[in-house]
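Sequence order for the protein chains is A and B.
Numbered per numbering that gives the first Met the number 0, the first sequence spans residues 0 to 507.
Numbered per numbering that gives the first Met the number 0, the second sequence spans residues 0 to 507.
No lab work stands behind these hints, which were simulated from the structure alone.
Do not take every clue at face value.
To be verified - What the simulated footprint calls covered on chain A by chain B, stretch by stretch (three residues with Cβ under 8 Å from a Cβ of chain B suffice, anywhere in the stretch; the number is not a length):
hint: 1; stretch: 90-97
hint: 2; stretch: 402-410
Claimed, not checked - Heads up, incomplete: computed chain B residues facing chain A, CB under 8 Å, no partners named:
hint: 3; residue: Arg84
hint: 4; residue: Lys97
hint: 5; residue: Arg338
Glycine residues also receive a C-beta, built at the ideal position from the N, C-alpha and C atoms.
Protein chains: 2
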Amino acid sequence: MFRTAELGRKVGNRTYREKKNRLRQELLELQRLLREQSAFPVVVVFAGVDGGGKGATVNTLNDWMDPRWLMTRAYGSPSGEERERPEYWRFWRDLPPKGRVGLFLDSWYSSSLLDRVHNRINDAEFDRKLERVTAFEDALADDGALILKFWMHLGKKAQKRRLEQLQKDPLLSWRVNEMDWQHWRMHHDFVAAAERAITHTSHRSPWSIIEGTDPNYRNLAVATTIRNTMTAHLDRLDRHRNDGLPHSDMDGAQMVPETVGLNGADELPKKSIFSILDMSLKVKKSEYKKQLEKLQGRLHLLHRKALARGISTILLFEGQDAAGKGGAIRRVTRAMEARNYQVIPVAEPTDEERAHHYLWRFWRHLSRAGKVTIFDRSWYGRVLVERVEGLTSEQAWTRAYAEINDFEEQLVEHGIVLVKYWLQIGKDEQLARFRERQNTPYKRWKLTDEDWRNREKWDAYEQAVNDMVERTGTSRVPWELIEGNDKRYARLKVLRVACERLEHALGD
Amino acid sequence: MFRTAELGRKVGNRTYREKKNRLRQELLELQRLLREQSAFPVVVVFAGVDGGGKGATVNTLNDWMDPRWLMTRAYGSPSGEERERPEYWRFWRDLPPKGRVGLFLDSWYSSSLLDRVHNRINDAEFDRKLERVTAFEDALADDGALILKFWMHLGKKAQKRRLEQLQKDPLLSWRVNEMDWQHWRMHHDFVAAAERAITHTSHRSPWSIIEGTDPNYRNLAVATTIRNTMTAHLDRLDRHRNDGLPHSDMDGAQMVPETVGLNGADELPKKSIFSILDMSLKVKKSEYKKQLEKLQGRLHLLHRKALARGISTILLFEGQDAAGKGGAIRRVTRAMEARNYQVIPVAEPTDEERAHHYLWRFWRHLSRAGKVTIFDRSWYGRVLVERVEGLTSEQAWTRAYAEINDFEEQLVEHGIVLVKYWLQIGKDEQLARFRERQNTPYKRWKLTDEDWRNREKWDAYEQAVNDMVERTGTSRVPWELIEGNDKRYARLKVLRVACERLEHALGD
Numbered sequence: 000m001f002r003t004a005e006l007g008r009k010v011g012n013r014t015y016r017e018k019k020n021r022l023r024q025e026l027l028e029l030q031r032l033l034r035e036q037s038a039f040p041v042v043v044v045f046a047g048v049d050g051g052g053k054g055a056t057v058n059t060l061n062d063w064m065d066p067r068w069l070m071t072r073a074y075g076s077p078s079g080e081e082r083e084r085p086e087y088w089r090f091w092r093d094l095p096p097k098g099r100v101g102l103f104l105d106s107w108y109s110s111s112l113l114d115r116v117h118n119r120i121n122d123a124e125f126d127r128k129l130e131r132v133t134a135f136e137d138a139l140a141d142d143g144a145l146i147l148k149f150w151m152h153l154g155k156k157a158q159k160r161r162l163e164q165l166q167k168d169p170l171l172s173w174r175v176n177e178m179d180w181q182h183w184r185m186h187h188d189f190v191a192a193a194e195r196a197i198t199h200t201s202h203r204s205p206w207s208i209i210e211g212t213d214p215n216y217r218n219l220a221v222a223t224t225i226r227n228t229m230t231a232h233l234d235r236l237d238r239h240r241n242d243g244l245p246h247s248d249m250d251g252a253q254m255v256p257e258t259v260g261l262n263g264a265d266e267l268p269k270k271s272i273f274s275i276l277d278m279s280l281k282v283k284k285s286e287y288k289k290q291l292e293k294l295q296g297r298l299h300l301l302h303r304k305a306l307a308r309g310i311s312t313i314l315l316f317e318g319q320d321a322a323g324k325g326g327a328i329r330r331v332t333r334a335m336e337a338r339n340y341q342v343i344p345v346a347e348p349t350d351e352e353r354a355h356h357y358l359w360r361f362w363r364h365l366s367r368a369g370k371v372t373i374f375d376r377s378w379y380g381r382v383l384v385e386r387v388e389g390l391t392s393e394q395a396w397t398r399a400y401a402e403i404n405d406f407e408e409q410l411v412e413h414g415i416v417l418v419k420y421w422l423q424i425g426k427d428e429q430l431a432r433f434r435e436r437q438n439t440p441y442k443r444w445k446l447t448d449e450d451w452r453n454r455e456k457w458d459a460y461e462q463a464v465n466d467m468v469e470r471t472g473t474s475r476v477p478w479e480l481i482e483g484n485d486k487r488y489a490r491l492k493v494l495r496v497a498c499e500r501l502e503h504a505l506g507d
Numbered sequence: 000m001f002r003t004a005e006l007g008r009k010v011g012n013r014t015y016r017e018k019k020n021r022l023r024q025e026l027l028e029l030q031r032l033l034r035e036q037s038a039f040p041v042v043v044v045f046a047g048v049d050g051g052g053k054g055a056t057v058n059t060l061n062d063w064m065d066p067r068w069l070m071t072r073a074y075g076s077p078s079g080e081e082r083e084r085p086e087y088w089r090f091w092r093d094l095p096p097k098g099r100v101g102l103f104l105d106s107w108y109s110s111s112l113l114d115r116v117h118n119r120i121n122d123a124e125f126d127r128k129l130e131r132v133t134a135f136e137d138a139l140a141d142d143g144a145l146i147l148k149f150w151m152h153l154g155k156k157a158q159k160r161r162l163e164q165l166q167k168d169p170l171l172s173w174r175v176n177e178m179d180w181q182h183w184r185m186h187h188d189f190v191a192a193a194e195r196a197i198t199h200t201s202h203r204s205p206w207s208i209i210e211g212t213d214p215n216y217r218n219l220a221v222a223t224t225i226r227n228t229m230t231a232h233l234d235r236l237d238r239h240r241n242d243g244l245p246h247s248d249m250d251g252a253q254m255v256p257e258t259v260g261l262n263g264a265d266e267l268p269k270k271s272i273f274s275i276l277d278m279s280l281k282v283k284k285s286e287y288k289k290q291l292e293k294l295q296g297r298l299h300l301l302h303r304k305a306l307a308r309g310i311s312t313i314l315l316f317e318g319q320d321a322a323g324k325g326g327a328i329r330r331v332t333r334a335m336e337a338r339n340y341q342v343i344p345v346a347e348p349t350d351e352e353r354a355h356h357y358l359w360r361f362w363r364h365l366s367r368a369g370k371v372t373i374f375d376r377s378w379y380g381r382v383l384v385e386r387v388e389g390l391t392s393e394q395a396w397t398r399a400y401a402e403i404n405d406f407e408e409q410l411v412e413h414g415i416v417l418v419k420y421w422l423q424i425g426k427d428e429q430l431a432r433f434r435e436r437q438n439t440p441y442k443r444w445k446l447t448d449e450d451w452r453n454r455e456k457w458d459a460y461e462q463a464v465n466d467m468v469e470r471t472g473t474s475r476v477p478w479e480l481i482e483g484n485d486k487r488y489a490r491l492k493v494l495r496v497a498c499e500r501l502e503h504a505l506g507d
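So that you can see chain A by itself, here it is in the shape it has in the complex (with noise of 0.2 Å):
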């Protein structure tokens, strides 16, 4: 979830004090007209780990923005007159009216996120709690507000640095004491809390996740993020009305925030999850043969150890067009007996298939005890190929990622291991493969028209995979990614994360 906020990304003085000045027009511009339509309240929540820049964000909106029009809350430990209400009642009072901007550092996720942490509440006791923020959440969207939410994310690595920087410096040095390096020392801890409060959260108003390391790019897609989506409900507004709708009526809408594109006119720097991949990374044929042949023996003790012990395996496979998915699947097949998994293709849903909700299809493939099933593209064609294609709506497949996230939960939940594959091929890589395909006379039925228009739409592509990986993707169901330029490595590399999660399963 968090890989892809620890991407290096970064913006230059000279870049961010042009779109800066931009960027400071317009959002004072849709304050104005938020204020004079008395719109909608917009509820800008900020958390993530310390040392993200969650203050020093807010001190930049409040800076660019209009201050009269804007509220900035902030909460500790509850006062005494706090103490005696319902936890609520402090955030209730400081809703902004319609036309506010209410921005909420520390607010209603903190106080469960460090309960979990420290161990204080169990995991059923924090899904109870998250229950409570999505009905508060809901209420006020349901309600018409705009709810925007901003996860500022540093890499364990990148917050040592930051800690060390501020307490460096002498006018700095206060802000950092014990308990900060003790969070430090609980960052794994805090990410598994974060991504369960995440995933739990975002079913209607989803998490924007923002690389916390560069304040100028932090600043930039932050404000970005908010201009964007408000005008995009200022717009929806304007249509609503334009029907003849009552406001009251512009409730029960999902919000998507329209986050900073990858390949947007934001000029945001264009940084993927591919870009901390090693594409150059190669295997000689005479390794390979004998590392497969190791792998390949691993596997199958291990997957005989995961039949007798009634443990179930997914393997689920994504990539690009040519990225090598049947190789790979056909070398891990070989290590298994027939009897004991099956590979089910995902291609076009049959009528039956057409005529049910399209996890429908996934569920019935599972399963009995103990067998191995591989998926050979997923569920995750809502959001990739049905979502770049435009075949499912903008709501639809926005609400898939939360969707997955449930029924992989119940996967995992039941004592799955489950893992899922990105087969990753540069673009130059692929037009090889493309023409070898092409000029093969036994491999040209694998090449089809839809190929080459699909690698037109790369880039849109490149930004469904970066989504998916950053809101499927957590330290319990990873996305493992693979490398995939050269057949040999990307074959075993698969072949070895199956035997490892295998292994950690059984307890090996």
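Starting from the known structure of chain A, arrange chain B on it as the hints suggest.
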């Protein structure tokens, strides 16, 4: 919540036969339309107490409808096959496709309910399971499915009669076993768990609570609700298509079950919660004076004790115009010291209040620890006057039941004693009081044209009050129904209830 389903509604055999034939034809016609348009799947869930007639109703529907396009599923303990997959596998597998109706007995509610009643799980774990139920149903509804949920209720006495009746019949006695009697003895726990389940799963797809005593009434009520809701959903789809919107976009909207109206064209027994009130109850003047003094003294001591212990109280008064709220409130406040209570008269919202969520103005009035807050009218305006007068959209007031339950749950969890009074007067008594106000100079200001207008909508208000009691009255936060034709009787009962609830909270 269930008192509205213990009113002894009955339908005579002759009426039953007549209505049944029309309903059957209509249901068959609707099935045909649904099938031809492959419009959406219809999921009908039956739950409730043993003997409430879940099974019998499902049999009747199978008899009435076209069995080729109807599926019935019931779930016992999971089989070996089922145990090897996640819990919801068997439910997903059995979902009806678009164009068909599925009837589900003892479905995804059953195991969690029983686990809670038998104390195998605690409230937090129960809530978590209910959250999964909600996510499941929401995913289906988002996809366009129509979800209908019927809770078949029997009071404890009626359930006993039903079990005894079955036992006496040699042909049916096999249907009653020791487990049924054990469940009967746990009727109270079952009701508490049921109330929690119903309030937590009614945000999107609300339940219809059906009185299960009389088979004729039960069958007609369920079938009529199905007919009305299917008709409305098909209409909605039509309008949607006429607007040129794709079918896939017809999701996201909240489904409101078109329940059997008290005064609808359905001519089902017109009984509301008021039918259980004995409106002839009276107290003599001499007795009143004695009792009043005694109760006020008792309340005085209790409110001081609550203050010392920091236990806050909210007394909320709703009732028809001229039902005597003001007089009752004055009898309460006279028992307390002015600095310890505040009375909040709830009238038109101010501009500031209008710029916020409708619950905001009630949150702000929550008092410090130990104080008493008296609301003269309340947040229930949303589902009473705003509903009846059409001041808010149907979506908004339907949603409000769940929002109000969430709100009150937070009050009660915080330890606040919440007493909700409904003061009821008869239609004739109201007229007499209006006339008296008209003829008494110093009372004339109390009577407005609006009062006369409201009076014309007596029946619509009765329906709204009945729904309110059904959907927001639970054993934890009950509605205290006050027979108000005799002011003396009403005032004493208001005081007595306040004392009892405070004593209970103080552990006296």
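Going down the list of hints, with the structure as the test:
no.	hint	in the structure
1	90-97	holds (count 5)
2	402-410	holds (count 4)
3	Arg84	holds (5 Å)
4	Lys97	holds (4 Å)
5	Arg338	violated (16 Å)
Of the numbered hints listed earlier, the single one contradicted by the structure is hint 5.
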